[in-house]
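Enquirer: Given next are the chains, with one letter for each unit.
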Amino acid sequence: MVQRLTLICLFCSLCSFLKAQSPLEQLCDIEVEDKTLKDCLFLLMQDYDVPLSFQSSIIPEKKYTLQLKAVKLKTILDLLFDDLPLTYKVNGRQILLVGREISISPRSFTISGFISDQESGEPLQGANIYHPLSGKGAISNEYGFYSLTLRAGNFNLIYSYVGHETQTIAIQLENNFIRNIELFPSLDLPQVVVVPKDSLLENQANDISTVDIQREAADQLPSLGGEPDLLRVAHLLPGVQTGADGVGGIFVRGGSADQNLVLIDGVPIYNVFHAAGMFSVFNTNAIRSAKLVKGGFPARYGGRLSSVLDIRMKEGNLKKFKGQADIGLMTGRLTLEGPLVKDKASYFISARRSFIDWYLPSISADWKKENNDQIGQTNYYFYDINAKVNYKFSNRDKVYLSLYSGKDFFDDNGRTFFELEVPNSSGGTSRFLSRQSYNDRFDWGNTVSSLRWNHIISEKLFSNVTLTYSKLSVDIDYRNEDNLDRIVSEDLINIFNVINVGRFNSSIEDIGGKVDFDFVPNSKHYVRLGFGLTRREFIPGALFFNGTTDEFQVRDTIFNDPIGSTEYNFYLEDEVEISKHIRANIGLRLSNLRLDNINYGYLQPRFAINWTARKDLVFKAACSRMVQYLHLLSQSGFGLPSDLWVSSTKNVEPQTSWQIVAGVDKRLKNIGEISGELYYKAMDKLINYTEGANINNNWEDNITVGNGTAYGLELMFKKTKGSMTGWVSYGLSYTNRTFEKINLGRTYPFTYDRRHDFKIALSQRIGNNFQLTANWLFGTGTAFSAAPIRFITVNPITGIATLNKDFGAKNQFRLPNLHRLDISANLYFGDPDNVQHMFKFGVYNVYNRRNPLYYKLRESIVLFDGDFETQTEFVEIPMLPFLPSINYTIKF
Amino acid sequence: MRTSIIGLIIISSLLFMGATCERPVELSLGNPSPQLVISSDFTAGQNVLVTVTETQNILESPAIKFVDDATVEVFQEDELLETLTFIPQTNRLPPKYVSNQFKPQEGETYILKASAPGFDPIMAQSHVPYPVEISQLFVSNVDLTVNSDAQNDMTYSYNVQLQFEDPADMVNYYHLNFLQKVFSFTVLEGDTIIISSSLEPVSFSPQNNKNTFIAYFLGGVLFEDTEFNGDLITASFNISISIDSEAQLLGPMVAQLRNVSEHYYHYYNSVSRQQTSGNDPFSPPVFIDSNVENGKGVFAGYNQSTDSTLVIN
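Keeping their order, the protein sequence lines are chains A and B. Counting from 45, one number per residue, gives the positions in the first sequence under the numbering used here. Counting from 33, one number per residue, gives the positions in the second sequence under the numbering used here.
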């Protein structure tokens, strides 16, 4: 028995030895650029002593660009000889190259399907499918769908995606068929990175003015209170501006806050911030991908002038139950996902709630007591819920239902009372009790939902049908009471009691539907077309005011009439390969707004072109016209919930823009990429409140129409290789506005006209479990207005004097330069296949820079040399100081 | 009131969100030299009156600084019409520069130049529009409310309608004033004796302001004819006025329709907006639309037609 076992072991060892000795099994690296097949073969022979034998005459003159690491020789030879009249035979240790007959079919067929993550079943957007011999390839769309048309035959296709293992799959293409692919996630860099010969296709970086924002960047980079925030990562990109600590919103390439189309699963969301811009409404646990487009807009996007932030939510794990819990000083989050029916249906739910209301009431109560001698408190909290279910009916059909809902609540109240004694006519004193109180309450929030059906109509045609719903509503309640009682003995006799009660609300609500098609007739064209309509209802502000005293009531209502509009749109775009080195995206968007009996129709041409001068050097240019049918009216410019969304109307035309962009991308081998872009944007039919307008009145009677321009330069260096990754960016920009009824009609700098803007975001991995991240930003101060002088006019007849302020020119002054350093240390431990933990220790505003939010003029009465005088001084209102944070995450 | 309440809510909402203690700062806003400030509304057939003051740094305590050594001249094109005479301050009236002979005429444009030691000379130009007559004025819906706490405190509410024809083919600007005459009386041996009378300007709430219609902060309304150019206009206003019924009587209501120059309209429009806009950083600044070169203030012509009617018989 023992002898038998020994013989078996020896046999196995011998087999494995023989197998290991097979020359085709040895692992090789090959990195060639535009080299002939013969050069490739010599390279293998030189670098790895590959025992190849061949006659030069049978080797075809074909060139390759390949980058393969630790790949079996067999795979390399299969790739090299695929569809060539050449094959190999192994003779002992020798590999003999011999000719073969291949049948070249004149027919082409299409392979298509979905590409998804093997562990979760999540679709992979932007995955590459590459046929190395023809150089043809495809990229999966936002739903993971791909389609590639090739000449019939047997060959290998390479499927790759960042952070996933690359798969080489043998294909027998004899007819059209669907092949869904699952890629295995990898913690390492992809094993095989293939750079197609003609272009840098493998990521979205090739699209002009487009940046993929990695969700992981939000999780890892430092942030306010340790709360991962996608928009704070966006703030670190060139061309994206915001106020101090994010207050004010997001301003892209000189655009206004309302000119950003923010989509959650293709549905627009109107208020993207909590707490006036300090936190975004996006819970990063729910985000699958995010893409920011600043220019060169493809025709499929429309409705805003300055940017598109296209956010896709996670679909839910189709394979197994997964969870994540996060807790920090500001918020807590819980995320659960898993299959409802394995590989067919799944759910995803993630909820987040702030903890600010745990400590703010007591802090504010102390503050009010100390500073204003008030009894009262301030309270604030917000929450978000993201939920999604999906069901895969067949290989061709998927249905998704997604929901986002978020709310903010703010409550501020206080009351004061004091006794006073007044001499009375009888020579004594009368006692009075004065009481004042107030209670202000805000709540505002978004609800966004979509029902989507993905369907592969044919191998070349993919459709996506979506029903959408989006609503933003704002409610403000206030109540002030002023009460005076006379104290007689122990009784109170009311002298007067004035109560002001008011309620303001506004909302915008969309219900829409759209149908999108992706048509891939061949590898030179990728056609997208679609149409949609959106019914939009505005309640642009209604103020209900109710003033009462003991004796009478005054009721007053200021009501802006609700407005309903319907927007139709149709688009067609073709991403076409014009030549070997030139690709273009040519598109046209038609949109129309119908409102009562008014129609606003616009043709919006879009054009973008890429010229790959060298494998690592791409020149780009684009031109796009955009139209926006809705406007945001803001008195404060601080992005507060009281800002009003309004529609274009008979008197208010849609805003429009033209933007041209030119840029260059240079890939730096083994380092990353450097890029630069120049842009010019002209905006027309912008609206703003007239100076001194009463914002509670009919908005149409209190606005002024104008235009604006923005131009500048953006430079970015990205380091994507090595243990230290990140980017450095610089932006130079000029932005202005001109309105008839603002600044006396003179052109003035836009508030967020930051001339220079320098940002750094870095991540340093130390071992597998530790990471240091930091970001530093510097920007020219935002523009503001202040009155350096005042003057008094005196009417020569009546003698009435009027005190006026002279502001000179609007926004002629600048706040101090903004700069801030944030750091974070991230500690990871646990079992990747089981339970993982992460601690994130962060410091926001490390060197406690006082970045002012604004300046204000403060006047106070002071006693000077025995006389009362008015003292006037400017005071600054700074934002957040040094703030440490700690967050803990557990994944299971 | 409502605006300020909303403003307060907004401010408090922002402050709680992390704004730490405010602190005084010295801003580098330049140190602009003082400039001359003039104030003069002139009309046909009346002497020109001008007050001259100077600007001051925003951080100084507000004070009226009259300039009494200025040279103020009125020109028509290049022709000097008169150098105005300085009249020092009297009891309640400010020091001013007055024309003795010169009286503006309808349709004419005049230039005012002023200079004073230590200041850059200033210049302003305006014209006197032709008058627009009030064709009808009547009062209706008179209502009386008595304050239950103070029986002598009575509030009259009424609607006044005014009709005029807006001249066509030109942009016209108006300042419409309503002045309520109030008689003060005393009862002596059973006889009611009027001891004085006053014209109380009627003020309107800025709540109804819009681009082409605005409450003038010292009374009346300013409006332009862009929405009704060349039409026969009937304007309607609700007015309420309180009197002490034991000492006052309601007299006639006087309407003044001023056809004003563009400079008059824009200057007082912007001043009214600045006076009624919030003083917080959330209220965008209002720029004063002045026609004075190298200085501040206004030199603007107007013409006026007046009518009156009884509120109660």
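If you're looking for bench data, these hints aren't it; they were derived computationally from the structure. Check before you lean on any hint, since a few could be wrong.
Said to hold, decoys possible - Derived Cβ-Cβ restraints for the label pairs, each shown as a range:
#1 A:Val919 - B:Gly262: 49 to 59 Å
#2 A:Glu465 - B:Gln195: 37 to 47 Å
#3 B:Thr338 - A:Leu536: 26 to 36 Å
#4 B:Glu92 - A:Phe822: 28 to 38 Å
Stated by the list, open to error - Here are some, though not all, of the chain B residues that point toward chain A, as calculated from beta-carbon distances under 10 Å:
#5 Ser60
#6 Ala95
#7 Met155
#8 Gln157
#9 His159
#10 Val303
Don't be surprised by glycine CBs; every beta carbon is placed ideally from N, CA and C.
Enquirer: If a hint holds in the structure, say so; if it doesn't, say that too.
Expert: The hints, checked one at a time:
1. A:Val919 - B:Gly262: 49 to 59 Å: For Gly262 of chain B against Val919 of chain A, whose Cβ atoms are near 52 Å apart, the range 49 to 59 Å holds.
2. A:Glu465 - B:Gln195: 37 to 47 Å: Cβ of Glu465 of chain A to Cβ of Gln195 of chain B: about 57 Å, so the range 37 to 47 Å is violated.
3. B:Thr338 - A:Leu536: 26 to 36 Å: violated (52 Å)
4. B:Glu92 - A:Phe822: 28 to 38 Å: Between Glu92 of chain B and Phe822 of chain A, where Cβ atoms are some 36 Å apart, the hint holds.
5. Ser60: holds (8 Å)
6. Ala95: With a minimum Cβ separation of about 8 Å from chain A (threshold 10 Å), the hint on Ala95 of chain B holds.
7. Met155: Violated, because the Cβ-Cβ distance from Met155 of chain B to chain A comes to roughly 17 Å (cut-off 10 Å).
8. Gln157: violated (17 Å)
9. His159: violated (19 Å)
10. Val303: Hint on Val303 of chain B: holds, closest Cβ of chain A at ~6 Å, below 10 Å.
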